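Chemist: Fit chain B to the supplied structure of chain A, relying on the hints for placement.
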Amino acid sequence: MSMNAVGRPTRPEDVAETSVEFKSLTGGKGLLQYERLIFEKKDYTRTGVDFADIDIMPSDLGDLVRGDDLGLPGLAEPEAMRHYVRLSQKNHAIDLALYPLGSCTMKHNPRLNEKMARLEGIGDIHPLQPASTVQGALELMDTLAHWLKTLTGMPAVALSPKAGAHGELCGLLAIKAAHEAKGQGHRRTVLVPSSAHGTNPATAAFVGYSVREIAQTADGRVDLADLKSKITDDVAAIMLTNPNTCGLFERDIVDIAKLIHDAGAYFYCDGANFNAIVGRVRPGDLGVDAMHINLHKTFSTPHGGGGPGAGPVVLSEALAAYAPTPWVVSTGNGYALEEFGEEASAANFGRMCAFHGQMGMYVRALTYMLSHGSDGLRQVAEDAVLNANYIKASLQDIMSVPFPDGPCMHEALFDDKWLEGTQVTTLDFAKAMIDEGFHPMTMYFPLVVHGAMLIEPTETESKAELDRFIDTLRALAATALATKNNADEVARFKNAPHLAPTRRLDETKAARQPKLTYG
Amino acid sequence: MRYLPLNGADRAQMLATIGVKSVDDLFVDVPASARLTAPVNLPRYAGEMEVEAQIRAMAAKNLSPSRVPFFVGAGAYRHHVPSTVDHIIQRSEFLTSYTPYQPEIAQGTLQVLFEFQTQVARLTGMPVANASLYDGSTAAAEGVLMAQRITKRNKAVMSGGLHPHYTHTVETLAHAVGMETEALTPAVDAEAEVLKHIDKDTACVVVQTPNVFGTATDLTKIAAAAQAAGALLIVVVTEVMSLGLLKSPGEMGADIVAVEGQSIGVPLSFGGPYVGLFAAKEKYLRQMPGRLCGETVDADGERGFVLTLSTREQHIRRDKATSNICTNSGLCALAFSIHMSLLGQEGLKRVAKINYAKAHALKDQLAVIAGVDVLTPRFFNEFTVKLPKSAAEVVEALASKGILGGVPFTRLHKDEAFDNHLIIAVTETVSDTDMSAFVAALKEVL
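Chains A and B, in that order, are what the protein sequence lines are.
Residue numbering for the first sequence follows UniProt numbering, starting at 1 and increasing by one per position.
Residue numbering for the second sequence follows UniProt numbering, starting at 1 and increasing by one per position.
Extracted from the complex, chain A is given alone in its bound form (with noise of 0.2 Å):
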């Protein structure tokens, strides 16, 4: 043995294997500690925070007052820390490794829009200060509605909603509305195509709408002799998303535009792929009336966890009339917010939600579309499309794909016939993935294809990094296949992950016995 000065050995000794599996003594893994609930420390005395316990009676207030117990326990800031540091080890991060959830857009957060969210005079200005004292938010959001017109080619858009479903909502309401003013409002279906992300029809049910849908082709497209057979008079609009969820162009949205509006309906467009084609195609060009746009993806504000997005909606001229309050007008004399839709617009539809929207997204957003502007935007979906189409011809020779001719979009799809004759499923295999560290693939969506494997790189992703992914894929994939004839290798499946955290969840104990809050 190899001894330093002090006579501390230097190398791993060599001890016997042993064949029971290390369980550590405190429930963690090394540097991945074991953390209690916040609720489990039981300190209901401590704080954090430096208040005062000021001595007042609030009399008036008689038995409206609190009793002194609220069950919530306080943390010193340092507990806090670790608590929170420690917890957040669990968790992927697009910053960690590649994020390939597909139709979720994981791309790169740039610092910069952090850091001008929260300037002040951005962070901490109020929503109902005078006009007159936030005239620079204001310039914001009418500059932040310029950039999203322009690239959009649409001559409207309501910045308010809150989310891409909240967009939808939004969208689904000028239409209902503008059809009202018509006297259409008998018009109560709208086609949807089977492949649509799941909020597309509970967002037209929401409305009151029946859900008519629309089959593909065999090449995963909108199938137009079923779309023609299905207008009817009774038809509101078209919800689709384009590039679809199977990451493929509708090469016929022209046509199916056309249909549409010669029918009297409008065309919806779910604008969660617009990432793919920013600053090379104008949806307004392609006979969009409505669009949501997720900040959060196409223009990479942050997804937090869940959230918050933000679903600004571009309108065409037939729907921007019922757009919901409130908007920003420019007087010429500056800016200001109009709240209640009397003066340009008595047709609003109503309004999404209290305040402006999400104007910590609009910052963040508008600055990415700064940094990058036209050039970098339209190199954006270049790249995006660019990596995708990397990844499908480096791994379609041993995993399957299901639409093989022509190129994807920003999204490469593969489905799980490859797998046929072994035991192991599209969720075994992306599991798989996550004990060679990278997020698993978006499965089983969308649902026209079986096992459908969903794999969206973003224009964020270095060729090296590709190459890494694509390499272990492959070599995963080889191993999938392996198991028909060596048995033992589908346990490294079906048990996967290994490394991760935590094991496989019970989700089926989860729902049958919800126990959604501690003690």
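Hints in this document: simulated from the structure, not taken from any laboratory.
Note that the structure is predicted; figures quoted are calculated from it, not measured.
Take these hints with a grain of salt, some might be off.
Unchecked claim - Below, a list of computed lysine-lysine pairs in the DSS-like style, where the Cα atoms sit at most 25 Å apart:
1) Lys515/A x Lys281/B
2) Lys21/B x Lys463/A
3) Lys281/B x Lys509/A
4) Lys283/B x Lys115/A
5) Lys200/B x Lys515/A
Stated by the list, open to error - Reference listing, derived: stretches of chain A covered by chain B, where coverage requires no fewer than 3 residues with Cβ under 8 Å from a Cβ of chain B:
6) 224-238
7) 260-271
8) 477-488
Cβ coordinates follow ideal geometry from the N, Cα and C atoms, glycine included.
Modeler: What follows is chain B alone, placed relative to chain A:
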């Protein structure tokens, strides 16, 4: 381009692997008529310094509340947020992660959501809470739709004390699903009025406390009367800090609670993003909208957390879902939860008392000014005064003196009867000097 790692050599190699000549070949499915051949007419790529200068120039045109005496509230409040909160929410693992659909590598987010739900449940005095909605106003609207699902009745009655933006948001969503709404005339202290408007078709009454004028009301009797008539009581709270001092909605008998959580952990940010807290009685659990995090065990029997009861949600149920909501307000919920953990009940009670004391101190100073009528009978940190002249003009005049002096009620609801009503909020961030400056300036402009 600093955010794009590919260079020309990479692109050329990748195109060769794909087997196409140029990137244009990847866009062949776009109809020729819709292909843009050059960048659109917007500014070109800019470096970090240039972009920062542009955004800073816009920020500089705003009057920052951090620099002036500040009394603006009416649904969004300026509070002290400990530095730790913003530091933690900017950690990569929280900031740049997605919805925790893969629980094995999202236990950080999931445990936070479980703790958040528990905090919200305890704060509101309700048995169950979800993982957050967009904000308080959309939470109120979702509550109304939930009441329709539960009661199979079709009308919502909204109190005259409900924030007018909330009333308008509820009307928009409720009308979209074919519900009727009845919004009562705004009044400083008229919560019980809702009871007169309940009929056999009333699904719920929506009552806010403290209400938009600041009035705090015990809703215990209203809850009992509404429930006796077969309607649910939805309690709205726009100032969550008040729950450190005032009786919780649960203690008063609420069926559903919708709260704007911004005051704890979330910056004002000109109106969003904020965080909607949503809680309900346990028997209504399966009718709740939005994401829910639940406890379970992993393959080794160790405790873990997952998103659960997703069969209510759009990605499973599609057109049969309880709501079309996909996202929550995850990072704001995290900020709320961190700030709440730092406060604990001790800190929360203390800061609530300070808010109460400061607001009442300012009220006492204003009440003695000739022509100023304090209208709010019982309040937490916000109250309404009737001025001898237009509140909007007074606020503008105060702003020109560098004081942000409250919200004219007509900013929220156009009605001449309220021209002189000014809503004034006082939080722990207001100093005695700020109050003196406000009182002196108000005397000058009246």
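Chemist: Does lysine 515/A pair with lysine 281/B here, judged by a C-alpha cut-off of 25 Å?
Modeler: OK: lysine 515/A and lysine 281/B at ~14 Å, within 25 Å.
Chemist: Residue count check for the stretch 477-488 of chain A against chain B: does it reach three with CB-CB under 8 Å?
Modeler: Answer violated; 0 residues pass the 8 Å Cβ test.
Chemist: For the pair we were handed, lysine 200/B and lysine 515/A, check the Cα-Cα distance against 25 Å.
Modeler: Violated - the C-alpha atoms of lysine 515/A and lysine 200/B are around 35 Å apart, more than 25 Å.
Chemist: Taking only the CA atoms, is the gap from lysine 283/B to lysine 115/A under or equal to 25 Å?
Modeler: Answer violated: lysine 283/B to lysine 115/A is near 44 Å, above 25 Å.
Chemist: Is the listed coverage of the stretch 260-271 of chain A by chain B valid when you require three or more residues with a beta carbon under 8 Å from a beta carbon of that chain?
Modeler: violated (count 0)
Chemist: Can you confirm whether the C-alpha distance between lysine 281/B and lysine 509/A stays at or below 25 Å?
Modeler: Holds, because 21 Å separates the two Cα atoms, which is no more than 25 Å.
Chemist: Okay, the stretch 224-238 of chain A and chain B, do three or more residues pass the C-beta test at under 8 Å?
Modeler: Violated, because only 0 residues of the stretch 224-238 of chain A bring their Cβ atoms closer than 8 Å to Cβ atoms of chain B.
Chemist: Within a Cα-Cα threshold of 25 Å, do lysine 21/B and lysine 463/A meet the stated pairing?
Modeler: Between lysine 21/B and lysine 463/A the Cα gap is close to 18 Å, so the pair holds against 25 Å.
In summary, the structure is inconsistent with hints 4, 5, 6, 7, 8 from the numbered list given earlier, while agreeing with the others.
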